[in-house]
Each structure stands twice: as structure tokens, then as C-alpha cells.
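Listed in order, the protein sequences are those of chains A and B. So that you can map any letter, position 96 of the first sequence is 96 in the numbering used here, and since no number is skipped, the others follow by simple counting. So that you can map any letter, position 156 of the second sequence is 1156 in the numbering used here, and since no number is skipped, the others follow by simple counting.
Any given hint might turn out to be false.
[Said to hold, decoys possible] Below are the SDA-like pairs computed for lysine to any residue, each with C-alpha atoms no more than 20 Å apart in a straight line:
hint: 1; chain 1: A; residue 1: K89; chain 2: B; residue 2: R1132
hint: 2; chain 1: A; residue 1: K89; chain 2: B; residue 2: H1114
hint: 3; chain 1: B; residue 1: K1138; chain 2: A; residue 2: D192
hint: 4; chain 1: B; residue 1: K1146; chain 2: B; residue 2: I1166
hint: 5; chain 1: A; residue 1: K89; chain 2: B; residue 2: Q1106
hint: 6; chain 1: A; residue 1: K66; chain 2: B; residue 2: P1100
hint: 7; chain 1: B; residue 1: K1141; chain 2: A; residue 2: L245
hint: 8; chain 1: B; residue 1: K1031; chain 2: A; residue 2: F38
hint: 9; chain 1: B; residue 1: K1169; chain 2: B; residue 2: C1118
hint: 10; chain 1: A; residue 1: K161; chain 2: A; residue 2: E221
hint: 11; chain 1: A; residue 1: K232; chain 2: A; residue 2: K161
hint: 12; chain 1: B; residue 1: K1169; chain 2: A; residue 2: C46
hint: 13; chain 1: B; residue 1: K1138; chain 2: A; residue 2: Y52
hint: 14; chain 1: A; residue 1: K89; chain 2: B; residue 2: E1109
hint: 15; chain 1: A; residue 1: K89; chain 2: B; residue 2: P1125
hint: 16; chain 1: B; residue 1: K1171; chain 2: A; residue 2: R76
hint: 17; chain 1: B; residue 1: K1062; chain 2: B; residue 2: W1017
hint: 18; chain 1: B; residue 1: K1031; chain 2: A; residue 2: N36
hint: 19; chain 1: B; residue 1: K1083; chain 2: A; residue 2: S20
hint: 20; chain 1: B; residue 1: K1028; chain 2: A; residue 2: E51
hint: 21; chain 1: B; residue 1: K1138; chain 2: A; residue 2: L226
hint: 22; chain 1: B; residue 1: K1083; chain 2: A; residue 2: R30
hint: 23; chain 1: B; residue 1: K1028; chain 2: A; residue 2: N39
hint: 24; chain 1: B; residue 1: K1169; chain 2: A; residue 2: Q77
hint: 25; chain 1: B; residue 1: K1162; chain 2: A; residue 2: E51
hint: 26; chain 1: B; residue 1: K1054; chain 2: B; residue 2: K1083
hint: 27; chain 1: A; residue 1: K26; chain 2: B; residue 2: K1169
hint: 28; chain 1: B; residue 1: K1171; chain 2: A; residue 2: L226
hint: 29; chain 1: A; residue 1: K74; chain 2: B; residue 2: K1083
hint: 30; chain 1: A; residue 1: K161; chain 2: B; residue 2: I1142
hint: 31; chain 1: B; residue 1: K1024; chain 2: A; residue 2: D35
hint: 32; chain 1: B; residue 1: K1091; chain 2: A; residue 2: Q67
hint: 33; chain 1: B; residue 1: K1028; chain 2: B; residue 2: R1016
hint: 34; chain 1: A; residue 1: K26; chain 2: B; residue 2: E1073
hint: 35; chain 1: B; residue 1: K1062; chain 2: B; residue 2: L1015
hint: 36; chain 1: B; residue 1: K1141; chain 2: B; residue 2: H1114
hint: 37; chain 1: B; residue 1: K1062; chain 2: B; residue 2: Y1077
hint: 38; chain 1: B; residue 1: K1141; chain 2: A; residue 2: C53
Bear in mind the hints are in silico, worked out from the structure with no lab data behind them.
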Amino acid sequence: MESTNHDQARIRDYLLGRLSDEEQQKIEERLMIEDNLFNELEVSKCELTEEYCANELAQSERRWFKQHYLASAKGRQEHVFALALDLLKPPVPAPQKLNWFERLQGFVKVHRWALAASASAALVILVAGPFIFRRPPPTSYAFTLTSTLGRRSSDEARYFKAPLTRDTGELRITLQLPEGVTRGTDYRIELDDRSKTTSLKAASQDANSVVVVIPAASLREGLYALRLYTLKPDGTEQLIPGEYLFELMSPERLTAPNPEQQTR
Amino acid sequence: MNTEGPTQEEFEKLLRWLDPDRDKAGEKYQKIRNRLIGVFSSRGCCDTDDLADKSINVVTSKIDWLLGNYVGEPALYFYGVAKKIYLESIKPKPPPNVDPPDPQPQEVEELATHLDECLEALPQPDRDLVLRYHEFEKQEKIQNRKSLAEKLKLSRNALRIKVCHIHSKLKKCIELRLRGSST
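Construct all of the structure, not just a fragment, from the sequences and the given hints.
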């Protein structure tokens, strides 16, 4: 029998250091007596090691995983195995690179007549262009994310895919709060792009969600994780378990649209 | 806490405590030991087997008390003892927050040679599956695995479990080869 979606997420949280001491103890007690959960632990160790080697974990996750599971004798064996498996993958051939002159020669040879026609058109565009091709104002791209806590951990459900274009002015992301977590009066959000983390303030919030706005100028294509912290009246903060994952990509790479997608 | 080796009599009592049937008791014993090793490795302990055996020895030394007083799942008692053993193991100094060294390239290459040979020894469907499962990167990898699962009429979860089982076979094969090459 397979483990539940929630258990898969919990095991990942356990291995990536996202559980409190009490939660860790509870999951370990279950591991001692539940076969499915223990099997899930072993599978997740393999997968996370693979993700670690492929640099697909957030920076804090990498650090924890390396200093804990990968520091154990079993973890080290798993790490070496994953690297060895990687060595056996066929290499992706690099595209042949021509210098600029070779590329220009090839282009002119093929498109001689088109070049002549386009030169005339270019003259028209130079004169009329500024009036015709005014750049549209930057757009705000909005979408909603749910926490990895309690979600299915299969890869295709993990990262919400969002387009990043030159016209994107900002991302307006609504983070749905997981059930059962303590609501706060204020929140801090941490954006992790796998090389650095950036602290952001909540733009707005209600009983079930927090909205964060991220200027697109600071973003590029790739994988991102958002983490949510509740700010307490005494000045301390508490991490809300789970993460909000999204991937930014050019519209050409984006295939099927997501049902939660909205634009303004 | 007594961590000396148990007597044979104590060990036999432990097995009977786990199950009146000796074969089933042996299976439960092994299962508990593996679980303890799994928990210790998740916490980053180097000598997981040693810590698991120490935990078992402590429980075994208390077997007379357990037989008369303990009510509950035996595995949870083992876990309780294991937690204390873990805390004792880090008592002199807590583990430092430094990264352990990365595997050496020669170590990885040697393992890759054995892995290649072990892949050849796998039944072809398993070999093809594991090689195809690990093709591509990032988004293409995700799509590839989704297609593989659909082609094999497996859920995404069943596929990852199947591949993990094949990994286990490969690791056992590699371990045998490494032992063979070191003798």
C-alpha cells in the first residue's frame, strides 16, 4: 500500500529540517511502527539525494540535508551512488558555435532578396515606428499558491509554472495559509532562488491568505521557493511549515496553462 | 545506562517478548533494527549500526522489567531508548554546523564502473527503466517520468517506488563487488 500525499510531504519536511522537535519525535515514532511510512522515508532519501545532486533544493534545504542525512554513512553511500548514476547519463551535446562572421555570411547567402526588401521597410519603420510601436505598460501577473504542507509531493505538482516576459512589471502572489497553522497579525516572506534569500513584506492579508508583491526586475527564469513567517507581538517570528514553489519561464517554454492563473 | 552485551538468555527473552513464534520474532527484531538505523541516519549519525545495536542492548538488558511492566508497542520503547542513546552520543559536543566533505571523484568513478557492470546484470526491462527514469533535467525530467508512468500504466508514486527497489538491487550488487575487490 502506498503512503498518503500528506505523509509524503511530512517525510520531506522531516528530512529537510522543517519540523519542530515535537513533530520530529511524532514522525519518528510513526516510522518505528508504520511500514508504509518507513518505505516512504527510504524512497524520499533516494529522491532528495538526486535533487541535491541536481541542485534542485533551496539553499537552506541543501545545507540541512548535507549536514544531516548526507553526513551519515548511509547518506554518503547514497550520495556517491547518485553521482555515479549521473556519470552514466549520456551527455547532452553542446550546440555547435559559429563566430559572428560565419553566422552573418550564412544569413546573407540565404536571405539576399529578403534583405533588400526589408531594408526599404526598415526606413519606413524608422520614421513611423515610435508612433506605431509604443510599448504597452508593464503588467502585474497574479497567481495563487498553496503550501507544500499536506500536498502531493510528486514532481509535477510541486512547482507552479508562471511566465516571465519583458512586459511583466511585478508578480502578485497569493499564498494560501495551510489549515491548522496559527494565524498572525503580520507576516514576513522569504524568497529563495537557490542562491540567495530575500526578505519581503506582506502586501495584504486576510484570514486565509497572504499576498506578496515581487518586482519582476529582480527576477529571472528559474525555480523559486517562498517561505512564510508569522510575526509575533513580542518581536519574534515563527516559520509556518511548508513552502510555496513556483518556476518562472519564458512563454515559449510554458506549455499547459495552470487553472489558478490570472492576469491583469 | 548499561550498554554491555546481553546474555543469550536475555536475548531469547527479548525475542519471545517480540513474538512467541521465533521466526516472526526474528523478523520483528530485524525490522526494529532497520528502523533505528533509518532514524539515526536521518539525524546525520555516522555510526548508525553501532548506535542501533547499543539501543537494542540497553532494551535487552531491561527485558525482565519489560516483561513484567511494559504495556505497549515494543518498537516505541526501542525508539525511546534510541533517543537517549543519540543524545548521549552528541553530549561531549553537539555536531558542528559544517558541511561534510564531498565524495572524491575517484570514489565516484570506481562506483560508476561497478554500477555499469551491475546494470548489465539487471533484467533488461529493469535496466531500461532505471536508465530512462534518470534521463533529462528539470522540467524535461518531470515530463519524461510522467510519460514513463503512463506507458507502464503505473501511478507516479508506484513508479518512484519501483525505481527505488531497482536502486536497492543495484546497491546490493555494488556492495558485493566492492567487498570482492577488497579481498
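Here's how the hints hold up against the structure:
1. A:K89 - B:R1132: The given pair, whose Cα atoms are some 9 Å apart, holds under the 20 Å limit.
2. A:K89 - B:H1114: Answer holds: K89 of chain A to H1114 of chain B is near 15 Å, not above 20 Å.
3. B:K1138 - A:D192: holds, 17 Å
4. B:K1146 - B:I1166: holds, 18 Å
5. A:K89 - B:Q1106: Given pair K89 of chain A, Q1106 of chain B holds - Cα atoms ~18 Å apart, limit 20 Å.
6. A:K66 - B:P1100: At roughly 7 Å apart (the allowed maximum being 20 Å), P1100 of chain B and K66 of chain A satisfy the hint.
7. B:K1141 - A:L245: holds, 17 Å
8. B:K1031 - A:F38: Since the Cα atoms of K1031 of chain B and F38 of chain A sit roughly 10 Å apart, the hinted pair holds (cutoff 20 Å).
9. B:K1169 - B:C1118: Distance ~9 Å between K1169 of chain B and C1118 of chain B Cα, so the pair holds.
10. A:K161 - A:E221: The given pair, whose Cα atoms are some 10 Å apart, holds under the 20 Å limit.
11. A:K232 - A:K161: violated, 32 Å
12. B:K1169 - A:C46: holds, 13 Å
13. B:K1138 - A:Y52: Holds - the C-alpha atoms of Y52 of chain A and K1138 of chain B are around 12 Å apart, at most 20 Å.
14. A:K89 - B:E1109: Given that 20 Å is the threshold and the Cα spacing comes to 13 Å, the pair holds.
15. A:K89 - B:P1125: holds, 17 Å
16. B:K1171 - A:R76: holds, 13 Å
17. B:K1062 - B:W1017: OK: K1062 of chain B and W1017 of chain B at ~12 Å, within 20 Å.
18. B:K1031 - A:N36: holds, 13 Å
19. B:K1083 - A:S20: Holds: K1083 of chain B and S20 of chain A sit about 15 Å apart, inside 20 Å.
20. B:K1028 - A:E51: violated, 33 Å
21. B:K1138 - A:L226: Holds, at roughly 19 Å.
22. B:K1083 - A:R30: Measuring from Cα to Cα gives roughly 14 Å; hence the hint holds.
23. B:K1028 - A:N39: holds, 16 Å
24. B:K1169 - A:Q77: Within the cut-off at roughly 14 Å; holds.
25. B:K1162 - A:E51: holds, 18 Å
26. B:K1054 - B:K1083: holds, 11 Å
27. A:K26 - B:K1169: With a Cα-Cα distance of about 31 Å, the restraint between K26 of chain A and K1169 of chain B is violated, given a limit of 20 Å.
28. B:K1171 - A:L226: violated, 36 Å
29. A:K74 - B:K1083: holds, 19 Å
30. A:K161 - B:I1142: Given that 20 Å is the threshold and the Cα spacing comes to 13 Å, the pair holds.
31. B:K1024 - A:D35: Since the Cα atoms of K1024 of chain B and D35 of chain A sit roughly 15 Å apart, the hinted pair holds (cutoff 20 Å).
32. B:K1091 - A:Q67: Measuring from Cα to Cα gives roughly 18 Å; hence the hint holds.
33. B:K1028 - B:R1016: Measuring from Cα to Cα gives roughly 11 Å; hence the hint holds.
34. A:K26 - B:E1073: holds, 14 Å
35. B:K1062 - B:L1015: The given pair, whose Cα atoms are some 13 Å apart, holds under the 20 Å limit.
36. B:K1141 - B:H1114: violated, 25 Å
37. B:K1062 - B:Y1077: The given pair, whose Cα atoms are some 11 Å apart, holds under the 20 Å limit.
38. B:K1141 - A:C53: holds, 14 Å
When held up to the earlier numbered hints, the structure conflicts with 11, 20, 27, 28 and 36 and fits the remainder.
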